[in-house]
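K.L.:
Put the two chains together into one complex, using the hints given.
One line per chain: the protein sequences are A and B, in this order.
Following numbering that gives the first Met the number 0, the numbering of the first sequence begins with 0 at its first residue and continues without gaps.
Following numbering that gives the first Met the number 0, the numbering of the second sequence begins with 0 at its first residue and continues without gaps.
Honestly, the hints are just simulated from the structure, not real lab data.
Ideal Cβ placement from N, Cα and C applies to all residues, glycine included.
Okay, the calculated bits of chain B under chain A, using three or more residues with CB under 8 Å as the criterion: (1) 63-74; (2) 166-180; (3) 187-198.
Now the in silico label distances, taken between C-beta atoms and shown as ranges: (4) A147/A with A46/B: 30 to 36 Å; (5) T46/A with L21/B: 36 to 42 Å; (6) A44/B with K116/A: 41 to 47 Å; (7) L201/A with D84/B: 29 to 35 Å; (8) V54/A with I196/B: 17 to 23 Å.
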Amino acid sequence: MLDWKLDFTWEILPRLAAAAGNTMLAAGGGYLVAVVLGLVFALAQRTPSRPLTFVVRELVEFIRSTPLLLQIFFIYYVGPQFGLRLSPWAAGLIAIGLHYAAYLSEVYRGGIENVPKGQWEAAKAINLSTAKTYRRIVIPQALPPALAGMGNYLVGIFKDTPMLSVIGVAELMHAANSIGAENFRYLEPYTIVGLIFLAISLPTAWLIRRFEIALRRKMGLTR
Amino acid sequence: MPYFEFLETYSGRLLDGTLVTLGQFGLAVLVAVAAALVSGLLKMAHAKTLRALAVVYIELFRGTSLLVQLYWFYFVLPLFGFTMDKFTVGFLTVGLCYGAYGAELVRGAIQSVPRGQWEAALALNMSPSQRMRRIILPQALVAILPPWGNLMIEILKGTALVALISVADLMFEARQINNNTYLSAQVFGTALIIYYIFARFMVTPVMRWLERVMARKIGRA
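Chain B extracted, bound-state conformation (with noise of 0.2 Å):
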């Protein structure tokens, strides 16, 4: 079958994949953040009993591998009685996993907000919240996004493996179409393009154009 033909007959499929994929990362994205940031600031909290908490979870996430914990969320967690469907599964399972990846990094960029900067807030009165809500956060957010920046293709490449718990995003599409006609070039060459596209040319742009603005913004630009 000729190329062109190939992606007359399947294209629809595998946009639809495309499109359960974008869902996936975008979802994804906005736990990894809440994790990343919540278990981040845990870490460097006073209480030990807290800082234990965001520890396990860290190593827990991080010590194993993305398939065993989705594999472990969608079998086992509904013996505990939680049961949740595939699609909730996925995005949770991947954003939590880089998320503990993310902890790191915010822990680090708040870190490297100078000393200075903690002790003039002090000065000025500012309670702790206050002190980390309008100055060390906003600087630390400029610190992590170029780190972020790869964590978020990470984040991308950790998606293609729901479609192993059957959400039926790209890489599912790809591996269905592939055991029905067995045009394994073209259809796992057309999704390693499709997700090389969208990193490289959607993700990419988008946080450097973040990069900026928020350079900017606290006027380092």
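Bound-form chain A, shown alone (with noise of 0.2 Å):
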């Protein structure tokens, strides 16, 4: 029935590690995209044209409601109808960062809208403009109860890393399936990278939420 090699696992062992790497750089680099592109979405959400603001909630929408995968596939294969061929590294970053900004978008809504209103007129009381009332007054004060929300989209970011697999990402979903092809074993690799993403989200997701307690004590929401 069930052999499990220990030979083998040490094998390959080199190689998911390597391509755990990856996934990570990955994760990491999606998110920077997301991080960015997301407060684009949220503050062209609060600008105060009207068909901008609609056009940027329904894309929102519509990124929010379809999957992940398919916009990996538009993304990678659309561009070189229309000449413009991009890496699978470019293209799986674009996918993964501009979905989850759509995500992060909603998290820094809330935050901003979370600030009272008060804060908005002494600003302007005291003849701030816009953009300095966002960095000095706003940002500061929306910024740490969104940190939770972000933590939680940068565990999900990293695992929807391997969907990139798809477009020939070398991340650890792409490297355990060339080693089950080669090997014809299935097995050790795959059991190896889930162990591998429980390793890693599981802590990252306690430590998230024990700052979130640190936070919300910090800020005076102990309940």
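P.N.:
And the structure:
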């Protein structure tokens, strides 16, 4: 029935560890794109321009309700049709960054809307420009409560990186697939990949929870 | 090829794929509801072993990716002597994965039912199972529906991954058509729009309607 081969495990472990590095790189890179683009999405929905708000709102809604896998394929394959060839890494980071930017923009929006109206009025009263109001008054207050939500999406993005294997990004799933195909053994590579994911995402999620509790206490929000 | 001609040629296959996606979605939702309810309740059980069981299930599925789970269930589970066809592996894995996320929602919703309701049921001499069934769960249901609506969209999006174990769903058909024609913008664009219509104009309105019906049923409309 089941025979776990230890020597095979040792043999493939370095390769999987290297691929795990790529997975983290993809997660980190995608997250960076998402953090910046998400802020753009969130701020664009707060401009006085009605059409812009509407378009960005619908775009965020669209991105959030369609599968990431399909978006990855779309971005990777549609470019060449119009003469724009993207490498798997570029297409993957754009796709995953765009997808999570839509989610993060909601986190930011929640954070910004939580800042009391009086803060805006006070900023206006002391004659701060809009940019300055955001930078010095609103964002410093909106960020701490948003941090926990942002952390959860970091774990989310990490767990979605295996989808990048379909366009050939050499991350964990991709390595496990090729190891499996080369050796006709799937037990060890897939199980190890699962364990690596557990070993990274569970402690991270735990840290984020602790951080959230500490933050709530610091802000005087304990219940 | 003009878009209209493209639709004429390939709409049949995209429709077939959409029906498979629908089937995967419906069955995955059933699995997720059952798994979330059972594990959510077990997590609040008095017996430590039952609680541990629920925690292991929830953390295992929430700690790894859906794609890893799909491949594991499809390629590794048969080595333990469980062989299922790919369609079953698909909706079962998607359902179990999102059921783990749903379990936390179930627990939160049950705990959100006011203390007084539990005490009143006790005062009326209801048995624990009666209290759960007739007093707590109906009220928890109303509280859980809004976040569950988001989870339904996640489940729908999750079903796209079953294409990677060659279940012939919408994602799978779109990829096949793309491989044959290289009409990527048309085929992936159309598939995106189908998923969007499904999520925005079918799943979300049904959930909103359910929210209203349930709220009315317990007199909170």
